[in-house]
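First to last, the protein sequences are chains B and L. Just so we're aligned: 75 in my numbering is position 75 of the first sequence, and the numbers increase by one with no gaps anywhere. Just remember that my numbering sits 1000 ahead of the position in the second sequence, which is counted from 1.
These are calculated hints, taken from the structure and not from any lab test. Think of the CB as a built atom: it goes at the ideal place given N, C-alpha and C, for glycine as much as any other residue. Be aware that a few hints might be false.
What the hints assert, rightly or not - If you want the ones that stay clear, here's a sample from chain L, every Cβ over 12 Å from chain B, calculated:
hint, residue
1, D1063
2, Q1103
3, N1303
Stated by the list, open to error - Chain B regions said to be covered by chain L (calculated; three or more residues, Cβ under 8 Å):
hint, segment
4, 11-21
5, 189-200
Number of protein chains: 2
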Amino acid sequence: MKVGILGGGQLGRMLLQAAANYVVETYVLENDDQCPAAHLCHHFIKGDIRDFDTVYRFGKQVDALTIEIENVNVDALEKLEAEGVKIYPSPSAIRIIKNKILQKEFYKQHQIPTSPFCITENIDALYGQLHLLPAVHKIGEGGYDGKGVQIILSEQDIPKAFNAPSVLEKKVNIKKEIALIVAMNNTGETAIYPPAEMVFDPILNLLDYQLSPAILPEKILWKAEAIALTVVKKMQSPGLFAVEMFLDEQDEVLVNETAPRVHNSGHHTIEANYSSQYDMLWRVILNYPLGNTGAILPSAIVNLLGAENHSGKAVYEGLSEIMKMENAFVHLYGKEQTKPGRKMGHVTIMSKDYQDLKHKANKIKHTLKVVSA
Amino acid sequence: MKVGILGGGQLGRMLLQAAANYVVETYVLENDDQCPAAHLCHHFIKGDIRDFDTVYRFGKQVDALTIEIENVNVDALEKLEAEGVKIYPSPSAIRIIKNKILQKEFYKQHQIPTSPFCITENIDALYGQLHLLPAVHKIGEGGYDGKGVQIILSEQDIPKAFNAPSVLEKKVNIKKEIALIVAMNNTGETAIYPPAEMVFDPILNLLDYQLSPAILPEKILWKAEAIALTVVKKMQSPGLFAVEMFLDEQDEVLVNETAPRVHNSGHHTIEANYSSQYDMLWRVILNYPLGNTGAILPSAIVNLLGAENHSGKAVYEGLSEIMKMENAFVHLYGKEQTKPGRKMGHVTIMSKDYQDLKHKANKIKHTLKVVSA
Chain B
1 MKVGILGGGQ
11 LGRMLLQAAA
21 NYVVETYVLE
31 NDDQCPAAHL
41 CHHFIKGDIR
51 DFDTVYRFGK
61 QVDALTIEIE
71 NVNVDALEKL
81 EAEGVKIYPS
91 PSAIRIIKNK
101 ILQKEFYKQH
111 QIPTSPFCIT
121 ENIDALYGQL
131 HLLPAVHKIG
141 EGGYDGKGVQ
151 IILSEQDIPK
161 AFNAPSVLEK
171 KVNIKKEIAL
181 IVAMNNTGET
191 AIYPPAEMVF
201 DPILNLLDYQ
211 LSPAILPEKI
221 LWKAEAIALT
231 VVKKMQSPGL
241 FAVEMFLDEQ
251 DEVLVNETAP
261 RVHNSGHHTI
271 EANYSSQYDM
281 LWRVILNYPL
291 GNTGAILPSA
301 IVNLLGAENH
311 SGKAVYEGLS
321 EIMKMENAFV
331 HLYGKEQTKP
341 GRKMGHVTIM
351 SKDYQDLKHK
361 ANKIKHTLKV
371 VSA
Chain L
1001 MKVGILGGGQ
1011 LGRMLLQAAA
1021 NYVVETYVLE
1031 NDDQCPAAHL
1041 CHHFIKGDIR
1051 DFDTVYRFGK
1061 QVDALTIEIE
1071 NVNVDALEKL
1081 EAEGVKIYPS
1091 PSAIRIIKNK
1101 ILQKEFYKQH
1111 QIPTSPFCIT
1121 ENIDALYGQL
1131 HLLPAVHKIG
1141 EGGYDGKGVQ
1151 IILSEQDIPK
1161 AFNAPSVLEK
1171 KVNIKKEIAL
1181 IVAMNNTGET
1191 AIYPPAEMVF
1201 DPILNLLDYQ
1211 LSPAILPEKI
1221 LWKAEAIALT
1231 VVKKMQSPGL
1241 FAVEMFLDEQ
1251 DEVLVNETAP
1261 RVHNSGHHTI
1271 EANYSSQYDM
1281 LWRVILNYPL
1291 GNTGAILPSA
1301 IVNLLGAENH
1311 SGKAVYEGLS
1321 EIMKMENAFV
1331 HLYGKEQTKP
1341 GRKMGHVTIM
1351 SKDYQDLKHK
1361 ANKIKHTLKV
1371 VSA
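Please put together the full structure from these sequences, using the hints given.
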C-alpha cells in the first residue's frame, strides 16, 4: 500500500519508524527538506501542505493519506476522498477540529461535556458575555501551538481578545488535565489507551511532565473513557485521536480539545505500552487488527524544549547523565537548529513506582538542556 | 555523527528504525537499491561491500562504521581504522570470526569451551581424523547462511567434505542450543541479554522458534554468561555480539559460533526487552551509556520464511489472524520478491506463560505464510 503523510515533523518521524515493521511505501509532503521525517520515507516531496494543488497532486499518488498536523488543505482532502483516496482521519473530522468554533459546537450537539461557551464574532461581542468571565478566548481558525488563545479574566482584558470569529469559554477550575488516546478502525472498532495526566509546576504554571497511567479514581476513569469514546464515535472517522480533558474541582470531566492524529501526549506509548500510538495508526490504515493498548509500566514524558536565549546549531547537554538512568529513553528529533521553546525531543522514563517516576522526571527536567553551539 | 552500515538487509532496516531516536546521519552501502534498509537512511550508496575500493571510499565519508553481515572487505576496514574511522566491531574481530578456522583457534587460545576439532587442509586429511567422527565439517572462508557446512557421520561421508582449508568439529550431543547477546562499549563496559533458546521440531529437525529467556538451571545460566562475556572481552572489540552455544548431554556449555553484529536471535529484544539490541548498538557507537537488557515478558520469535514452491512477488497469508493475538508483533522486511526459505520477516510474541508462548508460536508457524502472487 502507498501511504502519504502530510507534514514531516517529529510525529511523522515516529510514524515512519513504526511503518518499517510493515510493507508500506511511504510518502511525505513538507516544505522543509531537512525536516525530521525527510530521510525515513520512500518518497519525500517538498511542498506546502496548506496549498490545494500541492496536496491534491500529492494525494493522487497514494492509496491512503494521514496527517501529523491539522493545518492542512481540507478542500483538497475532500476532493481526494471523493475520488477514492482513504483519509485518516476523514476530512470532515479535520474540518470540525481545526476550527475551534465548529469543534465546540460539535461537543454541544452531541451532548459531550465541555465548559460553557459562546461564539463571538468580534471584540465588542465579548461585552455582552461578561457572565462567562473569567474565560479563555480562542480564535476559530488559525490558532496553533499556543497561539490564538487569550485569557480574559475580567472586563479589562477584553481589548486583548480576538477581533475575529472566536469561542469564549468559561474558565474551568482545573483539578487535573488528562488526555486519552483512542483509535478507531474502518469497521468502527475502537481501542483506548490508559489516560495520561499533565503535571504542572505549581509555581511557574508550566507543563512540567506527563504521567501515565493517570492517577484517577475508577469512576472518573470510566467517565473519561466513555467521553473519549463518544467523541471519536461521533466524529464517525477512522484514525487515531487524542482527547484532552479537564477534571474540575467538582470531579466533572470536560472535554477541552481533540487532536485527530498521533499526539505529543502519546509519545510514551513507544516504550511504555505494548502497541504504540504510531503502530496503532498503521494498524488502522493497513486494515490490521488493533493492538494492545495496555501499559507495560507507569511512565513519564519530559519534553525537551530549546533553552531560552539559545538559537543556532543544537547541542544536547546532560544526555549521558540521563541515559544512565534505568529505563530512560531519549528521543531526539534531529532538528539541526534550536530556538527557545522549540520541541527538540522528549524523554520517556519508566518505573513501577510513581514517586520514583516523579523524582526522575524532575531530574531529567533539570539536567537535560538543548543549547546552541 | 555520521555512521555507515555495510549491508542493507533486515538487520540494517531495524538498526535504522532505532537510529531515528538519536541525532545521527546514516549511510548504507549495499548492492541492491531496493533492499530493506535503502529508504530509511540519509544516504544510500549502491556498491559491493566485498570490494576494497568501494568500502574504503564509503568509509572515508563517515566517523564510524558498523556491519550487518560479516562478508565484508576487512582489508578496507583495517585501512579505515588506521586512518581514524571507528569500526564496530573492530576489523580484527571480523577477521577472526569470518574465518571458521581462526574463530575456532581463537576459542582454543583463550580456553573458551568449544567442541574438539582439527584443521583439515583438504579431503584426504579427514582420513587421519576418524576419531573425531561423527563430526561437522565447516569451510574456513566463504560459508554463509548454512552453506559451507557438511555433516560427516562416518568414513563413508568423507567424499562430501570440503577440499579446502576447513575445520572438522566433533559433533556435540546437543541438549539445547542457546544464544547470548553481549554489548561492549569503548571503555570495555559490557551489558548482557538474557539467553535465548532455540526450539527445534523433534521430527523435522528444523528450527521452529526461539524462546527467551531460555529455561536453564541457574548454574548453567551463570556458566553461559561467563563464557559469552569472555568471548567478547577476549575479542577486545567494542560492538554487539551474539554468542551461540550448545548445552550438551553432560550439561557442558560449548561455544558454537559468534556473530559480531546484531543478530536474528535478538529480534525479540525490540518489544520484549527494555533496550533492544539495535538501540544498544547505537548506544555503543554514539558513546552513550549502555541500556537495560532486562526482559519485559518472556517472548518467542517465529521466523517468517518464503514458502516452498513459491517464487515471485510476496503475498502474506494469515497476517490478520496473527495480529489479532494479544502481543503478537509482526515485522515484515519489505522484500518485494519471495523465494523458498528467504527470510521475509519475523513475529515476536510475548506472554508471561511459557506454555501459552509455545502454543502461540506454533499457531503462528502454521497460520502465517509468505507465498507468491
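Okay, the hints, checked on the actual structure:
Listed as a non-interface residue, L/D1063 keeps its Cβ farther than 12 Å from every Cβ of chain B; the least gap is roughly 16 Å. Every beta carbon of chain B lies more than 12 Å from that of L/Q1103, the smallest distance being close to 32 Å; the non-interface claim holds. Under the 12 Å C-beta cut-off, the non-interface status given to L/N1303 relative to chain B holds; the minimum distance is some 15 Å. Residue count for the segment 11-21 of chain B with a Cβ under 8 Å from a Cβ of chain L: 6. That meets the three needed, and the coverage hint holds.
Note: the segment 189-200 of chain B has 0 residues with beta-carbon separation from chain L under 8 Å; the three-residue rule is not met and the coverage is violated.
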